[in-house]
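> Could you put the whole structure together from the sequences, leaning on the hints where they help?
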Amino acid sequence: MRNNKHSFNITFYLLIVPVLIWLIFMIVIPHAELLISSFQVEDDNGDMVFSFGNYIEFFTQKIYWLTFVKTAAYSIGVTLLAFIIAFPIAFYLTKVTSKKNAAFLMLLLLIPLWVGELVTVYGWMVLLGDHGVINHFLMTIGIINEPINMLYTNFSMVVGLLYMSMLFMVIPVMSTLQSMDDSLIEAACDLGASKWDIFTKIIIPYSMPGITSGAIIVFMLVIGDYLAPNLLGGKNSLWFTEQIYNDFLQTFNWNEGAAFGFLLLMLSSGIIWLALKLSGQKLEKVGA
Amino acid sequence: MIRSLPSSPLYRINYRIYVFLFFTFLLMPLIAISVLAFNDSNFISLPWNGFTTDWFFSATDERQGLFSDEELIASIFTSLSTGFFVAALSTLVGTLAALLFEEEQFRLKGLLYFLALAPLVIPGVILGISLLLTATSAGNHIEDSFGLDVELFRPSYWLVVLGQFSFGATYVMLLVSARLKKFDRTLEEAALSLKATRLEAIWYVTLPFLRPAIIGAFVVAFILSFSNINTTIFLIGSDPTLPIDLYSRIRFSSTPVLNAVSFLIVLTISGFAIINLFANRSNK
Numbered sequence: 001m002r003n004n005k006h007s008f009n010i011t012f013y014l015l016i017v018p019v020l021i022w023l024i025f026m027i028v029i030p031h032a033e034l035l036i037s038s039f040q041v042e043d044d045n046g047d048m049v050f051s052f053g054n055y056i057e058f059f060t061q062k063i064y065w066l067t068f069v070k071t072a073a074y075s076i077g078v079t080l081l082a083f084i085i086a087f088p089i090a091f092y093l094t095k096v097t098s099k100k101n102a103a104f105l106m107l108l109l110l111i112p113l114w115v116g117e118l119v120t121v122y123g124w125m126v127l128l129g130d131h132g133v134i135n136h137f138l139m140t141i142g143i144i145n146e147p148i149n150m151l152y153t154n155f156s157m158v159v160g161l162l163y164m165s166m167l168f169m170v171i172p173v174m175s176t177l178q179s180m181d182d183s184l185i186e187a188a189c190d191l192g193a194s195k196w197d198i199f200t201k202i203i204i205p206y207s208m209p210g211i212t213s214g215a216i217i218v219f220m221l222v223i224g225d226y227l228a229p230n231l232l233g234g235k236n237s238l239w240f241t242e243q244i245y246n247d248f249l250q251t252f253n254w255n256e257g258a259a260f261g262f263l264l265l266m267l268s269s270g271i272i273w274l275a276l277k278l279s280g281q282k283l284e285k286v287g288a
Numbered sequence: 289m290i291r292s293l294p295s296s297p298l299y300r301i302n303y304r305i306y307v308f309l310f311f312t313f314l315l316m317p318l319i320a321i322s323v324l325a326f327n328d329s330n331f332i333s334l335p336w337n338g339f340t341t342d343w344f345f346s347a348t349d350e351r352q353g354l355f356s357d358e359e360l361i362a363s364i365f366t367s368l369s370t371g372f373f374v375a376a377l378s379t380l381v382g383t384l385a386a387l388l389f390e391e392e393q394f395r396l397k398g399l400l401y402f403l404a405l406a407p408l409v410i411p412g413v414i415l416g417i418s419l420l421l422t423a424t425s426a427g428n429h430i431e432d433s434f435g436l437d438v439e440l441f442r443p444s445y446w447l448v449v450l451g452q453f454s455f456g457a458t459y460v461m462l463l464v465s466a467r468l469k470k471f472d473r474t475l476e477e478a479a480l481s482l483k484a485t486r487l488e489a490i491w492y493v494t495l496p497f498l499r500p501a502i503i504g505a506f507v508v509a510f511i512l513s514f515s516n517i518n519t520t521i522f523l524i525g526s527d528p529t530l531p532i533d534l535y536s537r538i539r540f541s542s543t544p545v546l547n548a549v550s551f552l553i554v555l556t557i558s559g560f561a562i563i564n565l566f567a568n569r570s571n572k
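In order, the protein sequence lines correspond to chains A and B.
For the first sequence, the residue numbers in our numbering are 1 to 288.
For the second sequence, the residue numbers in our numbering are 289 to 572.
None of these hints come from the bench; they were simulated from the model.
Incorrect hints may appear among the rest.
Sample of chain B residues lacking proximity to chain A, with all beta carbon distances greater than 10 Å (derived) [stated by the list, open to error]:
| # | residue |
| --- | --- |
| 1 | THR340 |
| 2 | THR341 |
| 3 | SER369 |
Result set (BS3-like, lysine-lysine): computed pairs, CA atoms no more than 27 Å apart in a straight line [stated by the list, open to error]:
| # | chain 1 | residue 1 | chain 2 | residue 2 |
| --- | --- | --- | --- | --- |
| 4 | A | LYS95 | B | LYS470 |
| 5 | A | LYS282 | B | LYS397 |
| 6 | B | LYS470 | A | LYS99 |
| 7 | B | LYS470 | A | LYS100 |
A few chain A residues that face chain B, going by a derived Cβ cut-off under 8 Å, partial list only [as the list claims (entries may be wrong)]:
| # | residue |
| --- | --- |
| 8 | MET26 |
| 9 | LEU110 |
| 10 | VAL119 |
As the structure is a computational prediction, the values presented were derived from the model and not from experiment.
Every residue, glycine too, gets a C-beta built ideally from N, C-alpha and C.
Following this line, the structure appears as structure tokens:
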């Protein structure tokens, strides 16, 4: 018995030590460092001193906080659109079409996800450009004479953001719908409920856990995205992550970048926290 | 409305049109770049000038195809080897984490589990800049104290591996945990009652059960690493990964070789997806 107890401990330490190293060195310390750096500015002697300067800069420069607000508003909007577009697809794949069809369509669904965002964003550049595929096609069949300006606008940016994120709404919603018993819908139908009632009073409440998980993942991906706003968005489509990239990779003002990063982290976790509270869910469920 | 219920033809047709439009939207960019990879033109888009494989095989100055572009080939190999190390490290630590959180009870478990899930909700940009800041100040500190210049603490190959591992392990943990939840605990208890140590029970009973999930998680971690740009861009040293190389080309010098690379990626991924589909079918 004693021996058993002893080996139990060895196993426990074998499991926990690597996990602790991962969490402390890759998650805890870096984010503490991010917070500390955000409160530092360089003084006249080139030394780092404590200051609120980076945050004051954020609140006093209109372009910074305006971009911040715009990024948040667009991210919420894209999340909503992703839900509206993705929900009927998730429902179709789990409840309407045959299992065999669904497996094939799932395959098509996963390919863009695995190909990676860069390739798909590039694909949209090729499609939407002034000399792109869509304009070329429309001009060839004679619907338009001049190319429509689609690339480098808010429109193309939203298309890119939706494209790379909506699959993350489809998958969690599908997994909750899969566990839903069809007889719930059949019973409602037998009792004379309209489609709309069945949809809003039975299907949506049932799939709420999947919707929340999906919404959180979509929101997080969109608000932290860089490629779609940078490559598809225009000059006016400034995204908050772009400010961070500029600070780190162009102007080398790392402390201001750290402050912006921390603000972004607060914004995204704040909204996710709110979503969890409102829907009565736990973060643990989001991963599952 | 559902399979077992009748619905009006109009409803069914409209629904099918919607699904068709959705999948068209989904596949359009991939089809466009795949077709244009074979366009005999010096521009990345239409008009169609005839079929060519120049953007793969040509080696002239005017048209440098994918296979003669050494920079591109080098970045593909960098991505492949980075992906391998990230997947290996993430699979190891992620699997340990899954076993830890599913099977052990200890103080502060809730807090640690929260931290392990955090990379799901932390934007990749922030993981990137936090690691860059930390590595740089650690590197400066070591240089001031010991006069050593450690490469790991500057933007470099291994810093990229660590950065991608920091979130890769979370995804592995979730995939392995999902399978572990279906594991019949009595099997492990049986092994223990037959005088196996706990370590032996995990090694000979639990891990073989988890093998499909662990292999799947390795592939997922590899793909996450291979396509990552948000975290990687801050940590990259002198050898760019494929997405970073492609990104700078898209911004500064687009040629149809980009279509060719994209086509190869789409082809590889589709191949994997089809294998996966048939593997799932034969399992059933």
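> Confirm or reject each hint.
Now the hints, each set against the structure:
The beta carbon of THR340 of chain B is kept farther than 10 Å from every beta carbon of chain A, the shortest such distance being approximately 17 Å. Every beta carbon of chain A lies more than 10 Å from that of THR341 of chain B, the smallest distance being close to 19 Å; the non-interface claim holds. Remark: the non-interface label on SER369 of chain B is consistent with the geometry, its nearest Cβ contact in chain A lying 17 Å away (cut-off 10 Å). The straight-line distance between the Cα atoms of LYS95 of chain A and LYS470 of chain B is roughly 25 Å, inside the 27 Å bound, and the hint therefore holds.
At most 27 Å may separate the alpha-carbon atoms for a hinted pair to count; LYS282 of chain A and LYS397 of chain B meet this at roughly 15 Å. Among the hinted pairs, LYS470 of chain B with LYS99 of chain A is consistent with the structure: their alpha-carbon atoms are about 23 Å apart, no more than 27 Å. Taking the CA atoms of LYS470 of chain B and LYS100 of chain A, the gap is about 25 Å. The hint holds against a cut of 27 Å. For the restraint placing MET26 of chain A at the interface with chain B, the shortest Cβ-Cβ distance is roughly 4 Å, inside the 8 Å limit, so the hint holds.
Using the Cβ-Cβ criterion of 8 Å, the hint placing LEU110 of chain A at the interface with chain B is satisfied: the shortest such distance is roughly 6 Å. Annotation: interface hint on VAL119 of chain A holds; nearest CB of chain B at approximately 5 Å, less than 8 Å.
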